[in-house]
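Protein chains: 2
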Amino acid sequence: MLINGEPEERISINDRGLLYGDGLFETIRVIQGRPVLWKKHFQRLLRGCSALSIDISPDNVVRDLQKLLDLSPADGIVKIIISRGAGGRGYQPPENTTPTRILQFHALPADLELQAEQGIKVMICRQTIGQGTLAGHKHLNRLEQVLAAREITDGFTEGLMLNIDSELIEGTRSNLFIARNSQLFTPDLRLSGVSGVMREYLLEYLRAAGQVVSIEPIPLQSLYNADEAFLCNSVAGIWPIVRVQHTDAAYDFPIGPMTRLARSVKLADLAEPVPKTC
Amino acid sequence: MLINGEPEERISINDRGLLYGDGLFETIRVIQGRPVLWKKHFQRLLRGCSALSIDISPDNVVRDLQKLLDLSPADGIVKIIISRGAGGRGYQPPENTTPTRILQFHALPADLELQAEQGIKVMICRQTIGQGTLAGHKHLNRLEQVLAAREITDGFTEGLMLNIDSELIEGTRSNLFIARNSQLFTPDLRLSGVSGVMREYLLEYLRAAGQVVSIEPIPLQSLYNADEAFLCNSVAGIWPIVRVQHTDAAYDFPIGPMTRLARSVKLADLAEPVPKTC
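Chain order of the listed sequences is A and B. Offset between the first sequence (1-based) and my numbering: plus 1299. Offset between the second sequence (1-based) and my numbering: plus 1299.
By construction, these hints were calculated from the structure, which means they are not laboratory data. Predicted model, so just to flag it, every value in this text is computed and none were measured. A portion of the hints provided could be inaccurate.
You can't tell identical chains apart in this list, so a pair holds if it fits in one copy or across any two.
Here are the simulated lysine to any residue pairs, SDA-like style, with alpha carbons at most 20 Å apart [what the hints assert, rightly or not]:
#: 1; residue 1: K1338; residue 2: L1413
#: 2; residue 1: K1338; residue 2: S1513
#: 3; residue 1: K1366; residue 2: V1541
#: 4; residue 1: K1378; residue 2: A1409
#: 5; residue 1: K1420; residue 2: I1451
#: 6; residue 1: K1437; residue 2: A1373
#: 7; residue 1: K1338; residue 2: L1560
#: 8; residue 1: K1420; residue 2: Q1391
#: 9; residue 1: K1565; residue 2: S1311
#: 10; residue 1: K1437; residue 2: G1389
#: 11; residue 1: K1366; residue 2: T1432
#: 12; residue 1: K1378; residue 2: R1388
#: 13; residue 1: K1565; residue 2: T1546
#: 14; residue 1: K1420; residue 2: R1388
#: 15; residue 1: K1378; residue 2: G1389
#: 16; residue 1: K1338; residue 2: L1505
One chain only, chain A, in its complex shape (with noise of 0.2 Å):
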């Protein structure tokens, strides 16, 4: 664990990103030690910041990853966060703060390989996800998908969230496509979610590739009525659903065409070298 390039694992309690959830956060999977699709996480990392106007030096995130891979496994996942830091009177935050880096590595989960081949089973949760302005930022503000994952019972891997308008958003950590009549649909996260980098991938990958793909509010009845439907993230690359589990009603799917098409795509060919620093 770093934080601000510094081997250290506590910080203090006067940060924003412990009081207020002031902050942002990557999560990146790590392949022979290349972050996977860093440049799009090194970007949504940056427009968060922006957003939240808090003002990071880009060189030293690098540098910290640089040297928290020098020192880590080869293959693993990297956390990044990043904080206001601390400082001000209440919410308002003082005009110049320093912002804290904290990263850490961590070892894989279990059966992705098994989930990707075999693919998974979810759950409807109960929790909804609320709508705001700050959809689409990977911010520190989390206590819906908390919740959320918190419903997730032995042999499901993932819990699909609805909003309170009963249209899918994504999954706890992963978004969501589903397939109907050769067709693909992605629910539109300007409202609610987290805009996954993954997806963004998959987004290009697929149209590059001839696929139509819509974004567009999904009822949950959608879902049931699809063809195929998947989820993705970047640490698990593309998860298959094979079942979903809702309240008494199951209904199973199996991994056709569009699935295997996005499963065509593997992680280890999107790991990027570290761009060196100045």
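Starting from the known structure of chain A, arrange chain B on it as the hints suggest.
This is chain B only, laid out in the frame that chain A set:
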């Protein structure tokens, strides 16, 4: 500062309060060594812990509070943060975590008495407040309030926040009441906002005094058409609003009879001894 009852200023970067805002807080005025509206603060904290399934020992919180008050000046502000503690794979918390209790003592901000006497100027924030099922609770996911508070410029004490339908919800750190034709109105907080303990107390107090108070959606225009308006929180008490600034337009308000009725509540009378734990 106390963490889990011991003098300490830093916490683990694995604390879920930092990682996800997975916790709650209370900010409590202390007068002559006694916390103002302590029972209401404590009840809201326990309600929040119940909603988030954070299993705290109430006795431990009371014991920490007594210890902090013994170590601190007679007048000021106590902040209590309860997080779910450290642990878990991603969003999903483990079955049993040990919650983290953080207590801090702060000095009172300047000018509180002057503000209560002369009234304050407020602005309408561009940052809106979202809608979700965690409304009402004083949890640690407070990015919207942070961004709104950043907008408050010199000369203004507080900012008012709207939902995306341009209905008034609250101040960044206070609740709103408006008066029209001798009737009082305060926004409905079921979908957005924080249910303040001072608001709760005022509702009881005003209604016991025979005053009609309606809880309902309040469009921004209703504020401009109001006879009087005031904000409240349990640190400042009542803030009469004497001016609302919205981009180029300013609206002035008198400190009228409804505001004076609310201001007849004295925080010192609401300071309560902390009950001894068994």
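Evaluation of the provided hints:
no.	hint	verdict
1	K1338 <-> L1413	neither (27 Å within a copy, 52 Å between copies)
2	K1338 <-> S1513	neither (24 Å within a copy, 52 Å between copies)
3	K1366 <-> V1541	neither (40 Å within a copy, 55 Å between copies)
4	K1378 <-> A1409	within (17 Å within a copy, 40 Å between copies)
5	K1420 <-> I1451	within (10 Å within a copy, 47 Å between copies)
6	K1437 <-> A1373	neither (25 Å within a copy, 41 Å between copies)
7	K1338 <-> L1560	neither (23 Å within a copy, 59 Å between copies)
8	K1420 <-> Q1391	between (43 Å within a copy, 16 Å between copies)
9	K1565 <-> S1311	neither (40 Å within a copy, 35 Å between copies)
10	K1437 <-> G1389	between (23 Å within a copy, 14 Å between copies)
11	K1366 <-> T1432	neither (35 Å within a copy, 41 Å between copies)
12	K1378 <-> R1388	between (29 Å within a copy, 12 Å between copies)
13	K1565 <-> T1546	neither (34 Å within a copy, 51 Å between copies)
14	K1420 <-> R1388	between (46 Å within a copy, 18 Å between copies)
15	K1378 <-> G1389	between (27 Å within a copy, 11 Å between copies)
16	K1338 <-> L1505	within (19 Å within a copy, 57 Å between copies)
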